[in-house]
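Enquirer: Now for the letters of each chain:
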Amino acid sequence: MAAGLCLLAAEMKNESAPPRLEAYLVRAYRERYPQRVQPAGEVRRWWAAAAAVLLVAGALWTGVRPPQPPLVAANSGIAAPANEDQDSAFIPLPNAAGSLQDDDVDLVRVELPRSAVTALGMPASDDSDAETVDAEVLVGPDGVARAVRFLN
Amino acid sequence: MKVYNSFAFLLAAAALAFAQNPPPGGRGRFGAGPRFLGAQAGMTTRVVKGAPFSGDLVTESTETLADGNHIRHTSTVHLVRDSEGRTRREESLAGLGALAAGGGAQQVVFIHDPVAGASYALDPVQKTANKSAWTGPARGVRSSGAAIEPRREIRGGGLNQSVKTEALGAATIEGLPAQGTRITVTIAAGAIGNEAPIQVVTERWYSSDLQMAILVKRSDPRSGETVTRLTNVTRAEPSSALFQVPPEYKVAEHAAPLFRPPADAAAQ
Chain B
1 MAAGLCLLAA EMKNESAPPR LEAYLVRAYR ERYPQRVQPA GEVRRWWAAA AAVLLVAGAL
61 WTGVRPPQPP LVAANSGIAA PANEDQDSAF IPLPNAAGSL QDDDVDLVRV ELPRSAVTAL
121 GMPASDDSDA ETVDAEVLVG PDGVARAVRF LN
Chain F
1 MKVYNSFAFL LAAAALAFAQ NPPPGGRGRF GAGPRFLGAQ AGMTTRVVKG APFSGDLVTE
61 STETLADGNH IRHTSTVHLV RDSEGRTRRE ESLAGLGALA AGGGAQQVVF IHDPVAGASY
121 ALDPVQKTAN KSAWTGPARG VRSSGAAIEP RREIRGGGLN QSVKTEALGA ATIEGLPAQG
181 TRITVTIAAG AIGNEAPIQV VTERWYSSDL QMAILVKRSD PRSGETVTRL TNVTRAEPSS
241 ALFQVPPEYK VAEHAAPLFR PPADAAAQ
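Line by line, the protein sequences are chains B and F. The first sequence begins at 1 in my numbering and counts up by one. The second sequence begins at 1 in my numbering and counts up by one.
Each hint should be verified, as a subset may be incorrect.
Stated by the list, open to error - So the derived label-pair ranges between C-beta atoms look like this:
#, chain 1, residue 1, chain 2, residue 2, range
1, B, N152, F, E253, 19 to 29 Å
2, B, I91, F, A236, 34 to 44 Å
3, F, A171, B, S115, 34 to 44 Å
Since the hints were derived computationally from the structure, they do not count as laboratory data. Quick caveat, the model's predicted, so the values are computed rather than measured. Heads up, the beta-carbon is just placed ideally off N, CA and C, and yes, glycines get one too.
Kindly produce the complete structure, drawing on both the sequences and the hints.
Expert: Below is the structure:
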């Protein structure tokens, strides 16, 4: 029997169902399992709405984000957390010495006008259009800045 | 379409609110001076018990430029300490010197509480407190009567320099008896490319009662002169409320301490 079936298969190798039958089966399938096809304009509007939500959330998060921990506190006997990367070191400031207790420092994070960088005698980057720069400042117990690190 | 319009309205409202709310610090985003973003209390290397006081720590610095021009800065810190060694510092961003040009009115309060085992940085404008884990003193606790001045090492090994220490005797400063010391560090000619020797002179007056220096004068030809003095000293026990976060403040907490003592200090 197997040999007969193989022979029949070889003879019908070039035979196929008529296109009309295929079209009928497809139509019957879609009637049984209806699928909603969204118009292209509606899809675009949903994507735009999602992008708007992400934009608003990002802007709000940027404006109210809590202080981030400092990465490295060099030159002050302060070590960075082990799980943090060392992006840039703190730069000692003039007149930073001569305090009452040099080892105690706290950290203040500020947004500075870019002109403050040049006021320190440091070159301001020309390849940035930003008017401000974020900085972390180590402050001694006398309230005087000991070192600064620019974050961007 | 209705949903789409709702999102558009939300976007417009959020953008309007974001543009109208001035950022903390009392100035616009692109105004002059620094804008305060936050603060975090660091490590206290020394806890002094049994010597409460409050006073103002005033620092005046003068930098003389090569053309004879001068840059002057003054900052004041209100300092409070109780018998348990808790400290509170109220200061403004003016202490940032050149970084605070055009601003600096924002106040910051730092509280170090070895009893509760926590440190706080308070933002009086936003009513927020940033709590840090207490890392403890790295160099031991001094109690009243153990009037030992902290050891101050002259760092910079490898430099061709000499250090000379002189005792200046006793004096009364701001009503407090103090012992004076002058330390002169001389950097030899050529050590850092200098044609002539450079002398850095530091004069310190140490109060055994408060266990801290109450007057420090430092002169360095490279950076200028700095004078730090403690004034308006009161020896009364301060209110314990000064070392607590006001209940209306919102407290944020850092799980891990940011600052660790240096390896050499921790080993002591």
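Enquirer: So, for every hint listed, does it hold in this structure?
Expert: Each hint, compared with the structure:
no.	hint	verdict
1	B:N152 / F:E253: 19 to 29 Å	26 Å, holds
2	B:I91 / F:A236: 34 to 44 Å	40 Å, holds
3	F:A171 / B:S115: 34 to 44 Å	43 Å, holds
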